[in-house]
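Number of protein chains: 4
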Amino acid sequence: MNTFGKRFRCTTFGESHGRALGVVIDGCPPKIPLDESDIQPILDRRRPGTSDLVSLRREADRVEILSGVFEGRTTGAPIAMIVWNEDIRPSDYEDLREVFRPGHADYTYLARYGWRDHRGGGRSSGRETVARVAAGAVAMKCLGIRGITIQARVSGIHGASSRDAMEMEIVRARDRGDSVGGVVEIRVKGCPAGLGDPVFDKLDARLAYALMGIGAVKGVEIGEGFRAALLYGSENNDQMGKDGFTSNHAGGILGGISNGNEITIRIAVKPTPSISLPQQTIDIHGAEREIRIEGRHDPCIVPRVLPVAEAMTALVILDALLERDAYEAFRAHASG
Amino acid sequence: MNTFGKRFRCTTFGESHGRALGVVIDGCPPKIPLDESDIQPILDRRRPGTSDLVSLRREADRVEILSGVFEGRTTGAPIAMIVWNEDIRPSDYEDLREVFRPGHADYTYLARYGWRDHRGGGRSSGRETVARVAAGAVAMKCLGIRGITIQARVSGIHGASSRDAMEMEIVRARDRGDSVGGVVEIRVKGCPAGLGDPVFDKLDARLAYALMGIGAVKGVEIGEGFRAALLYGSENNDQMGKDGFTSNHAGGILGGISNGNEITIRIAVKPTPSISLPQQTIDIHGAEREIRIEGRHDPCIVPRVLPVAEAMTALVILDALLERDAYEAFRAHASG
Amino acid sequence: MNTFGKRFRCTTFGESHGRALGVVIDGCPPKIPLDESDIQPILDRRRPGTSDLVSLRREADRVEILSGVFEGRTTGAPIAMIVWNEDIRPSDYEDLREVFRPGHADYTYLARYGWRDHRGGGRSSGRETVARVAAGAVAMKCLGIRGITIQARVSGIHGASSRDAMEMEIVRARDRGDSVGGVVEIRVKGCPAGLGDPVFDKLDARLAYALMGIGAVKGVEIGEGFRAALLYGSENNDQMGKDGFTSNHAGGILGGISNGNEITIRIAVKPTPSISLPQQTIDIHGAEREIRIEGRHDPCIVPRVLPVAEAMTALVILDALLERDAYEAFRAHASG
Amino acid sequence: MNTFGKRFRCTTFGESHGRALGVVIDGCPPKIPLDESDIQPILDRRRPGTSDLVSLRREADRVEILSGVFEGRTTGAPIAMIVWNEDIRPSDYEDLREVFRPGHADYTYLARYGWRDHRGGGRSSGRETVARVAAGAVAMKCLGIRGITIQARVSGIHGASSRDAMEMEIVRARDRGDSVGGVVEIRVKGCPAGLGDPVFDKLDARLAYALMGIGAVKGVEIGEGFRAALLYGSENNDQMGKDGFTSNHAGGILGGISNGNEITIRIAVKPTPSISLPQQTIDIHGAEREIRIEGRHDPCIVPRVLPVAEAMTALVILDALLERDAYEAFRAHASG
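Residue numbers (the numbering used here), protein chains in the order written: chain C, 1 to 336; chain A, 1001 to 1336; chain D, 2001 to 2336; chain Y, 3001 to 3336.
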């Protein structure tokens, strides 16, 4: 299943070391102003190689819109976008063809499909998020028209929370040949009350699905999250006054539906599994092997998760917005 | 959206104080032995009123299978199950018709649909989980045939983790007219490797969706969860030897696909919002009101979440299993 | 797959000789006035036993709304409706347990599911349409609010097209122990232009799916249908003037999207396969058998198809309407 | 909605005069041998310009596989395929920017989306079928592994049925500046019994949806189709003997499920609406206009419909096959 969303549906394709990555967006409202310049700057944020601290693969990652846009505006037809893979060195991976890298999807992918494209993780590579970010950029353009904005920030790296301490943790990990993870916080501003469904398709359930669906994410919290388990009801409830809610422990979602407050989410990002320290593993024949992952790897991918987390959040919010719109429209016509 | 699942699809209906709750299961494999006795004992576990410590509404919650089962086995046709509401006292709720209860979906439900059935939370009531638990019982029956079992337990209440301390926290909350939440741990045993998809439909993403979709759940973690953000890659990676993985930090899921290990999940349950302490709120006209929630309420719903969490987990695992089966079958036929 | 529709989704359940038939509607707009009296008269139209000419099974088919309606209006929650089976005589069918009736789904159902509920066709029975008609009645209520009406009529029986001649064909078939089919014409009035999608989800494709999905329907035509294959382009094109289209060869749909004209559809209904004349068949062991279908059977089910055809058409039109509404609403908000 | 299918899902994109057309296939079983040479010959069959009688636009229509195939076999990842538009002359269409061509989707597309890419019909162009045919070629490759083949043929043009008479009808239409339609017959051989569902997702309903979703198709029949309305039940029923069915009036589908016989379908193709004879129409301002469609147009597109009809049929059959496989696999594992 490589399609995300019910109304604003994104279908992604492409492998780390294949010819291209891309996405087809179906269900984008027509007449939205859109061109590549709305997408490229956001894509650039997820690109590696922008500082000493992150992976060295250098790619232009130039996005091209192939369809669905005419004279600078969306037409309602599917919007296909493509990014060609350029800096491919599959030979880097030849010695990984038969080995399962610890912490990677190599073993499980084989169990799922019976065989696999081993080059750089294939479809399981973090590079796949290029397509998500491109789709998210279109969603954000739509949300902007409605006054909704989304922002993610790194709130912790390996337990550190100040900018300097976080950087030091990354440097220390890199020098050890090891890696570190962290926590990302996402905030949605301007979201109207009434998005989401009361039962299965709760807005928080959809956000959890979207964000846990990012590789390396191992936990998702809304509002107080796990801290809510430590509070009394009287502490955790958000009371209301003439000007609305007087607190936001709920993180902007009540009973699965947005309440008009800022939506606040936290996600846990595991340390990247590619490390150069020696690790024990097996190969596809079951033989034990020692492995050291060489090559271009980030000691910490947390900063690169930010645009992906924003993109996935945007896809969820827009989908829920389009859904509620339909009811409103029905009522508006009926009463007219 | 009141349907859950792609292959084993459950559509639920019913309100807290309506005539009945129910579910229609579509996509259940045929020839599975099934009757009400497979479902009733599991439903009974979620029923309130089984101890002093929980809500006093007493309902038989007798499940009836209306279709899809013939001579004791499933036929492949949709399985409809119904539970009639009996102990309904809508007058209990008449004074809540125009008031938004803090921590409840009252306000957001109104924003979503323009009006609402205020009686006991209507569709947003925890009572809606009757239908999920019934559906989950059928899923568990199917999983049992394949040797997969699911078990949830309370791992903490308001910070306490021993049985006595947890009970004391609940008693103290009840005596204060307040409430407490906690943490539930879910374990899936016997799950084969290869379930789940590498991109959007990761098995952990689906579990997060399923479990965050339970009312009162505010956080979901897989394996180390948020603790993974504090570990080095070398600590968090699960290495492999001849007998498989030598640890299980990943919680049984790698790259979104099950790896054959036990799947471990933790969810945060907020304190129930219905408390008898006075709270500030507003009514539908915007006027400020003080509210005390009287009547039958649990000071802690965490124990009652267990069968619901097991049910939702079962629905996800079975769905993913049916999905992988299809590929295997295609290959088996092709090579035959 | 027992769910129909994308936005207004109907999930049906129940077998001919099971305990009940029913439907759960998900996605109905809130605040629509609705009670059983909107549905019962339409259900009554599909009931057998209303003249000498049709099947003798007598059932009250009393519909009950179990959820989703509060104080006479829809709430946005799923609407469950149920009809109990009363006049069940499963023993009528005991001798059919192991025999495949020609023209029925007995053989194919076994091939699909590996076994079957043989009583009266089980899930494959025409009785299953009770649930569709109930759902369609709710859809028609919604469409009525928007000024859209749907009407089906019998346009031919076994080649005859006048009322008297059609009746005579039915009588003659009954007297022979045989059966006849016919043609039904459906017209949708008041449908606005702009419903349907240009590629896969063309409005005519969805209508064809909906109507070919009625048991016994073997052909579907829109507008000129098969006659279009005999016309020149200059004859078949609908030209336009100041007052709109000057003809309606297209049957109200152009490029898969409604054009504001009346939508006209014709469907072919095969003669009911249950006949008392002797037929050759086999049983589940492969042995040859002669069969005569005794009991309560219609010599012609065409008149009973009318409410079902209207219901399925209503479900399609409403679904497409809700879909277009969403875009309009997005635009309205964006420009506001 | 630009996605077709439930398990083998094809999402298409691209406009007649945009940069490219393409499709992303999700859900293709892994390990199927596949490269461009499986697709190109089938694509070539739908290309215009291969005889005097059809449209003159000349395009290489060279298909490229961008993802999902590794070392000559499918991996289970989405298969993206692209065809670049080369012979684009948008200026041909500049004078059609504001005019509604009779019989085309111009007017309805505007009603649906509020504006449109007028160049060559944009998304509504027959050129969109390039993507369907490419997807269908992959489906046919999968079906071939299971011994299923699909073949379409022209069975009539403007009432003529011999090869010479059909050609003469096309020539006559071209010389008049007019166009003609016809009838296409599709046959599926080797399809096992048991594909399709008994209620909404009948195999014939899905075929009707798939084929009516081809532009210009106005009618679909299975087996006897509309002729069934003229037969007695005793004539239309297919009786059974030791060697299976003794006739095939049903066209291989009973109660919505394949019965193991050849599946036979007929579709009506309307005359292409682009004719050079003068026609009355209006423009987007409502002013009356006379129009003559100049340029590259087929007097008859029926032959070019063949590969599209085969492709859509293949998509339906494979989808239903994958669905039944899942149940079989579940049973196989359970009993093992």
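Among the hints, erroneous ones may be present.
[As the list claims (entries may be wrong)] Not the full set, but computed from the structure, chain Y residues with beta-carbon under 8 Å of chain C:
{"hint": "1", "residue": "M3001"}
{"hint": "2", "residue": "D3026"}
{"hint": "3", "residue": "G3072"}
{"hint": "4", "residue": "Y3113"}
{"hint": "5", "residue": "K3189"}
{"hint": "6", "residue": "A3193"}
{"hint": "7", "residue": "R3227"}
{"hint": "8", "residue": "S3276"}
{"hint": "9", "residue": "Q3280"}
[Said to hold, decoys possible] One side only, chain D facing chain A, incomplete, derived with CB under 7 Å:
{"hint": "10", "residue": "G2014"}
{"hint": "11", "residue": "R2019"}
{"hint": "12", "residue": "P2078"}
{"hint": "13", "residue": "A2080"}
{"hint": "14", "residue": "W2084"}
Hints listed in this document are in silico derivations from the structure and should not be mistaken for laboratory results. Cβ coordinates follow ideal geometry from the N, Cα and C atoms, glycine included.
Can you give the numbers of the hints that this structure goes against, from lowest to highest? 3, 5, 6, 7, 8, 9, 14
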